[in-house]
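Peer 1: As a plain string of letters, each chain reads:
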Amino acid sequence: MNDMKLQLKIWRQRSAEEKGHFETYSVQASEHMSFLEMLDVLNEQLIGKKEEPVVFEHDCREGICGACSMVINGQPHGPNGGTTTCQLHMRSFKSGDTITIEPFRAVGFPVIKDLAVDRSAFDRIIQSGGYISVNTGQAPDGNSIPIEKGEASKAFDAAACIGCGACVAACPNGSAMLFTSAKVSHLGLLPQGQVEHEARVQNMVAQMDKEGFGMCSNTGACEAECPKDISIENIARLNRNYMASMFSSDK
Amino acid sequence: MWIIKFLTSSIGRKLIMSLTGLFLILFLTVHLAGNLQLLKNDGGEAFNSYAYIMTHNPLIILISYGNYIFILLHAAVGILLYFQNKGAKGTKYAVSTNKSATWASKNMALLGTLVLAFLFIHMGDFWFKMKMGEGWINEVQSASLGHPVKDLYEKVSYSFSQLWVVIVYIVGLVILGFHLSHGFASAFQSLGINHKKYTPIIAGLGKAYSILVPLGFAIIPLYVYFIK
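Those protein sequence lines, which keep their order, are chains X and D. No gaps in the numbering here: position 119 of the first sequence is 119 in our numbering, and each next residue is one more. No gaps in the numbering here: position 85 of the second sequence is 336 in our numbering, and each next residue is one more.
Each hint can be trusted.
Calculated cross-link-like contacts (lysine to any residue; reagent style SDA-like; alpha-carbon spacing at most 25 angstroms):
(1) 357/D - 224/X
(2) 357/D - 74/X
(3) 343/D - 107/X
(4) 113/X - 8/X
(5) 447/D - 153/X
(6) 291/D - 475/D
(7) 5/X - 24/X
(8) 406/D - 418/D
(9) 350/D - 89/X
(10) 343/D - 116/X
(11) 256/D - 248/X
(12) 9/X - 110/X
(13) 350/D - 233/X
(14) 382/D - 321/D
(15) 251/X - 270/D
(16) 458/D - 473/D
(17) 448/D - 224/X
If you're looking for bench data, these hints aren't it; they were derived computationally from the structure.
Please take these sequences and the hints and turn them into a complete structure.
Peer 2: Set out below in structure tokens:
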């Protein structure tokens, strides 16, 4: 039963070089559809009319891959807290609504086409230090390294980051501080991450700065829009780890 | 050099903003404590003697030079950050609903520029005349010091007897309050201080400070204009 009538104002941009513009579409959807399924319906419609479908990224559609990236009515991943776009359902909207859909905006995330942006800057930040060195082989016994529960929980909360980039999209400065701090916290809080800890903090911050992301001014917009509820406590931890590393390490 | 690399990194710049900001917060507190002597009904004796000491004690003079440098550094780095951050954001959203971020936190550069403009007016009014000395400001005998001192009290009383000056000061102080409402707690977050026990206290202190200190300053022009 596609009984919801919606107006969609969608950003269309043919390539990174060309200028984009908004286009308005009408679509009929069911309240049980996910937001992406509603866009699938729109694209079927466009293909039927031999028009160019709207490009948007998606992969797992179960809220864990971080591929779906769009700003819905001014909010990355839409109006619901702690939710990715794919887990947003049309029941969060009313029939007759006009929904504005824009790509993530930040110089560090250039538009590739329509709603798809290039987030490979995040990959390069990870490559610069988001790893630990362990010997491969058999899986180690669980709990062979004791980790205090509180620290393990903090590390796990930070590890929940799916690298979707909503923090950058929400930040008025286009800063990638929440993402980088989540990665540094997740690895740096655990004993397995200590080997590279000092170098990791320095290298990841250096790469983040090099990618052209802005600087954090503690507005807290990132943590409010994060689909995984990553806290800006992690940014404070990144700040102090970075300062400590810069002042105490040999490098 | 590592120190250059550190201070020009995104986190290093935040540290500069944070430390200079915290120094200026400390300065405001001392400045207010001294200025509240203007409310004393002693013809300016206490305030003028205090102003003399503040402009003649070598340690205070040294700190005051630090203060000028920190104000300029805070403003210069702040303006630089504003333009770099604006550049990093690029295209703006057609629809914007940043419900969570406070208005002040998103407009620190605007608020800061207005505070700086107010500071120039304020310094032109008192600091400049105090520095220029004769012809700009009268001298008066200080009973406690036993020699003549500049009568800054009379200058303040004259300035605040004009309604437009009072209005400029109140507006300036409200803007300062908004700037502090984000700046106070933000400075601690930039320093890496975010703790379950202390962050709520810092946030509370920041709110109280951003209301009470501008209010304390505002009492002076209001008292001079309406009551004296």
